[in-house]
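Trainee: Here is what each chain is made of, one letter per residue.
4 protein chains.
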Amino acid sequence: MIHDTTIEAPADRIPVVVLGATGLVGQRLVAMLARHPWFRLAGVAASERHAGRQYGEVVQWRIEGEAPPEAAALRLARPTPDDCPPATLVFSALPALEAEAVEPVFARAGAFVSSNASAFRMQPDVPLVIPEINPDHLSALANQRASRQWSGALVTNPNCSTIGLALTLAPLARFGIDQVMVTTLQAASGAGYPGVASLDLIDNVIPFIAGEEEKIETETRKILGVWQDGAFVDAPIRLSAQTTRVPVREGHLASVSVKFAQTLDPDEILAAWEAYSGLPQTLGLPTAPQQVLRYLDAPDRPQPRYDRDAENGMGVTLGRLRRCAVLDYRFICLSHNTIRGAAGAALLNAELAYARGLLAASGRSA
Amino acid sequence: MIHDTTIEAPADRIPVVVLGATGLVGQRLVAMLARHPWFRLAGVAASERHAGRQYGEVVQWRIEGEAPPEAAALRLARPTPDDCPPATLVFSALPALEAEAVEPVFARAGAFVSSNASAFRMQPDVPLVIPEINPDHLSALANQRASRQWSGALVTNPNCSTIGLALTLAPLARFGIDQVMVTTLQAASGAGYPGVASLDLIDNVIPFIAGEEEKIETETRKILGVWQDGAFVDAPIRLSAQTTRVPVREGHLASVSVKFAQTLDPDEILAAWEAYSGLPQTLGLPTAPQQVLRYLDAPDRPQPRYDRDAENGMGVTLGRLRRCAVLDYRFICLSHNTIRGAAGAALLNAELAYARGLLAASGRSA
Amino acid sequence: MIHDTTIEAPADRIPVVVLGATGLVGQRLVAMLARHPWFRLAGVAASERHAGRQYGEVVQWRIEGEAPPEAAALRLARPTPDDCPPATLVFSALPALEAEAVEPVFARAGAFVSSNASAFRMQPDVPLVIPEINPDHLSALANQRASRQWSGALVTNPNCSTIGLALTLAPLARFGIDQVMVTTLQAASGAGYPGVASLDLIDNVIPFIAGEEEKIETETRKILGVWQDGAFVDAPIRLSAQTTRVPVREGHLASVSVKFAQTLDPDEILAAWEAYSGLPQTLGLPTAPQQVLRYLDAPDRPQPRYDRDAENGMGVTLGRLRRCAVLDYRFICLSHNTIRGAAGAALLNAELAYARGLLAASGRSA
Amino acid sequence: MIHDTTIEAPADRIPVVVLGATGLVGQRLVAMLARHPWFRLAGVAASERHAGRQYGEVVQWRIEGEAPPEAAALRLARPTPDDCPPATLVFSALPALEAEAVEPVFARAGAFVSSNASAFRMQPDVPLVIPEINPDHLSALANQRASRQWSGALVTNPNCSTIGLALTLAPLARFGIDQVMVTTLQAASGAGYPGVASLDLIDNVIPFIAGEEEKIETETRKILGVWQDGAFVDAPIRLSAQTTRVPVREGHLASVSVKFAQTLDPDEILAAWEAYSGLPQTLGLPTAPQQVLRYLDAPDRPQPRYDRDAENGMGVTLGRLRRCAVLDYRFICLSHNTIRGAAGAALLNAELAYARGLLAASGRSA
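Chains as they are written, first to last, in this note's numbering: chain A, 1 to 366; chain B, 1 to 366; chain C, 1 to 366; chain D, 1 to 366.
Hints in this document: simulated from the structure, not taken from any laboratory. Computed from a prediction, not measured in an experiment: that's the story for all the values here. Each hint should be verified, as a subset may be incorrect.
As the list claims (entries may be wrong) - Listing some non-contacts, in silico: residues in chain A with all C-beta distances to chain C over 10 angstroms:
no.	residue
1	Ile7
2	Arg148
3	Leu172
4	Glu217
Stated by the list, open to error - Straight-line Cα separation of at most 27 angstroms, DSSO-like style, residue types lysine-lysine; simulated pairs:
no.	chain 1	residue 1	chain 2	residue 2
5	B	Lys215	A	Lys215
6	D	Lys259	D	Lys215
7	D	Lys215	C	Lys259
8	B	Lys259	B	Lys215
Said to hold, decoys possible - Covered by chain A, according to a simulated footprint, are these stretches of chain C (three or more residues, beta-carbon under 8 angstroms):
no.	segment
9	190 to 201
10	247 to 253
Glycine residues also receive a C-beta, built at the ideal position from the N, C-alpha and C atoms.
Just chain A, same shape as in the assembly:
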């Protein structure tokens, strides 16, 4: 039995592989793994055509600084268990279509796959996890293993625009959330690289991101729902989303209105946010933010440029809480889309899995 206290680091750092390592989320993973206390980047994989070349030569590094030298020196493998170095833990930052084909192969071969891809998120035996919110959804892995005959496992994290919203709503769930209305202002990096053409974001915004609104609406309900009697039961929230793309590099901002099942004072909401903490904080997971949610009193915050890096990009920043004339309350939330919303999310899921002893169970022999 695991006691919820700070977890000890492994004696040797656990070798991990990143699939889709040349993409923007893959780059973030590579950067975050370079200084990780538990995990060691052992392999990187990308599409067939780059296989065999050095990561540092192929990658178009599009985040701050430069590719870590150790990563840059790695040879790019094909995204197959045979071509990648042996690894207990595999991160997937693949596009959805590739993920659909590749991730099961690794899970079947015994790897614990922590995926940022959307391909399997809504499957009935695949946990969609934000460790602060629903770590118990990992219980579904027993069903997954049984039904899929995998010696490994597959755990997913939500879409970049879902995570900030779900973390903001989670501590309010106890009040009963009936309805949620959201309009997002999302950063260019959410579309990967090259992603959005500069001509579409100079002096412009785009009021559409393919598939994004459905993801917010369905994923949020699954995450805030329960794993019960061998099935995920969605939270009974009516949720409506409009997504837009704005000329910002990083940081998804959301304008949110919520209707609760009961009457609330703003102070109750602020207190719930302030106090919010979960298993990652209790366990002291290396990538976990100390303060998950932070409310700013300034009337014009949060802003992407100034607030997205809170808690090394793993915190969610809130502001402008006030009564809503249509639903009950309005507010703004902001999260770093490629850290908290993608790479950091997958990393935190893997840390949770390690802390829960789930990696050992899924170890794959060389």
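Based on the hints, put chains B, C and D in the right spot on chain A.
Mentor: For chains B, C and D alone, kept in the frame of chain A given last:
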């Protein structure tokens, strides 16, 4: 009695004065007046410290092209009836505080003041007019004249973020609008010049515009309401707004959700928008758009850069109509904030006033 | 013999075809042809995979307004003379590699090809023309026809960053230009669509554009050179270019320093620019700017946003002329890269060809 | 006598005051001092109207993260020695006009003033110092003290656009630099806050920064010159600058061409840059970059977004070295304008002064 048919141009163009002519909205007015068939720019006024200097020397022209030569040659007057050339019609693009002091002086002196300023919009005897929607609100001018002892008149147009929304809602009012939820993405020009610092809009958005949300909520209700028994009665709509500033030059975009009093098909909404037309179109007012509202079928439109100039900036562009999981329908609307949302609004109000014979009545002798 | 007076429009507008019509320069051509007095858009061609579909369905319109309805209704042809409708005049906005294969086929089939592509610009029998500067280079077409056995002809216009510079230097050539140093700040549209990724131009500039510096250096010398004894002789100018990409939609700005063969007063330069006019102005070609070069006295102009549309985008705007401590004079020049620098350039070349009777000669029968 | 070895930290951190602490450079200083091993922020001063209020309430923090809590709690003083807490060392981030009045008062009162302001940079007894290049210019302080009767001292650092250029040229000086041509692309933060209006930098660049070109031309010659027989002798370089403002937050990029007194291979230049190191590196000054100049081989680097933070913003990044057809060599250099170009420059000068024992000498009693 006026027949609602195309209005004849005046024999001689009517001399007009623009107050606040050096600001961004003032510049738009000056540009639009340079080629106006009914009105002739006779004078420009700005703050005391510029008085006496040539407009062309003082103005920092921040819209396309250059200041019209005739305007550039004008001497900047003080914003007083004595210092300005005689004019039947006065446009005010003054800041609210100045407008509060200056506009009544001109109205008292006999001018018809068409104001873009917020100072008097919500006053019980001041019409807040969008000519397509509530031209009958001009009836309040009789009361205004009586109570204020003005030989002239004061008519206002709404805030730049209100106009697009109100025009979009107006044709839907017949279905009964219960609730409206809106999040705006507003252009930098809405803050005037210099307005927002570039450091605040490079790689950033700002989720706050002072006073803007209240304006949207209160002005929309007044415009969609009625003038009845000597008083304005607000439309009984619950309206909630979140405003944001984005790195766009011109064009306010709004994400809107609406709850109606009755069940509707999307086709009914589209048909109502498509067919929408008002008095400016019937009268053939020079600045009136031919098609007031235009719905785009493309999934990612309207976009500020590509759609704001529809109908010379006087049209409103719509898109993405779909059912809303919380209210009834969601959609996007876009309008040009310094044309339809400000200068063009004031101009259209003045054209309506001329067509209705209200300018003659308020003529001020030299 | 042609008299250099205003040219009469053809009785019927001449049918033309645009190759590469879906690209950004192709779109500009389509837009400019929609209202052209001499030419009528008869056909559009793009890559094989779009052939047969309607232009309006395929094109991602990325310039102001919308695709002209007549153009939108056209069926996209393959870029072959057989698949395109018969046309005396063919505009090529193809990528260089495709242009290399396709343009000769049309020229051989009898079309007069006005090309914006770089493939043939530096060929010894292909005129690289800016009509104000070197219309006499069209004399090379006789050699071209003889050597290549084409019944048609191929004329090219320079790179978008070369045109503004060449037009600026042309009137100074009489003073003797020895050396030119240039650093450009080029707009995103110069890279086409999708072109530069937004992540590379939000809060960033890129100090490199592949092949661009060589084009500026070689093309400028050819344009300012002479056609003599059956060969092009470059102007003996030492020219050094650094190109950069900046977050601007349209308008290439250049910081230029020039060393002359003689001592000059600034007034002589200003006068030469002011007076500059060429054959397009004399002939009254429809797309020709009235004032080719315009010098702005304001200390901070020209600026892309405010000045690029001068003369409908066909004028070049200059500013900041002053002595240079290293060479003789420094200044700034600005031109609209997809109009004066591309689509308008190809169009003006075609108008010149028509005025010179060169289209008739190269007519291709259906 | 000082040996050029690593300097020991003072037993107690030296109390310092920042004048102009609410501006953008002041904010950087405050942020950098929050974690400084030698200096302790004891006081902050700004304009009269803010005096007495808490720094955290007044400052509009416009750099990453938030104002350090210790700084935020400080009371803003008037910029006078009496109102500020006693401090041996005073940093000035004042505007030039204020600096002209205020800095001498502090120097007279005994403080060592490290100023980022331009007011005194070109004075014949004021060192204009970049510690890697001309630490010996501090010898002028003896003259300064004598002539001005100050018990303290005043040392200045160059303009933000000069520093990167001067550091790049310094290691090449041994080859003999005859001529330098530069065009800069400068970040918005160089103009302070609010600085440039967003309307002037959305879809735009500005080819003018008041006074900036003269500063580059004169300051560079002074820095690369010598202190000799009691006077500064400029380096005999002909230098011509064009400055532009681009939509970038931080990082000034320069396109540079250089003519040398002798023939050079590119490898000699690269080697000189690579090996460049100065007194700050030898002494191990806390803010000194380890590698002063770094050359990137990638054809499209350096870029502001990706390279400005090299060496915590204290390194200069170079790229694109190649022969120039007009002068001898061209290249690109980039430096962080508010760190290496301003706050870090002033800080490094102060560290040098401490290491040289110049602070003790100028200590001011409480």
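Trainee: Next, verify each hint and record whether it holds.
Mentor: Status of each hint after checking the structure:
{"no.": "1", "hint": "Ile7", "result": "holds (36 angstroms)"}
{"no.": "2", "hint": "Arg148", "result": "holds (37 angstroms)"}
{"no.": "3", "hint": "Leu172", "result": "holds (33 angstroms)"}
{"no.": "4", "hint": "Glu217", "result": "holds (26 angstroms)"}
{"no.": "5", "hint": "B/Lys215 <-> A/Lys215", "result": "violated (33 angstroms)"}
{"no.": "6", "hint": "D/Lys259 <-> D/Lys215", "result": "holds (20 angstroms)"}
{"no.": "7", "hint": "D/Lys215 <-> C/Lys259", "result": "holds (23 angstroms)"}
{"no.": "8", "hint": "B/Lys259 <-> B/Lys215", "result": "holds (20 angstroms)"}
{"no.": "9", "hint": "190 to 201", "result": "holds (count 9)"}
{"no.": "10", "hint": "247 to 253", "result": "holds (count 3)"}
Going through the hint list in order, the structure does not satisfy hint 5, though it satisfies all others.
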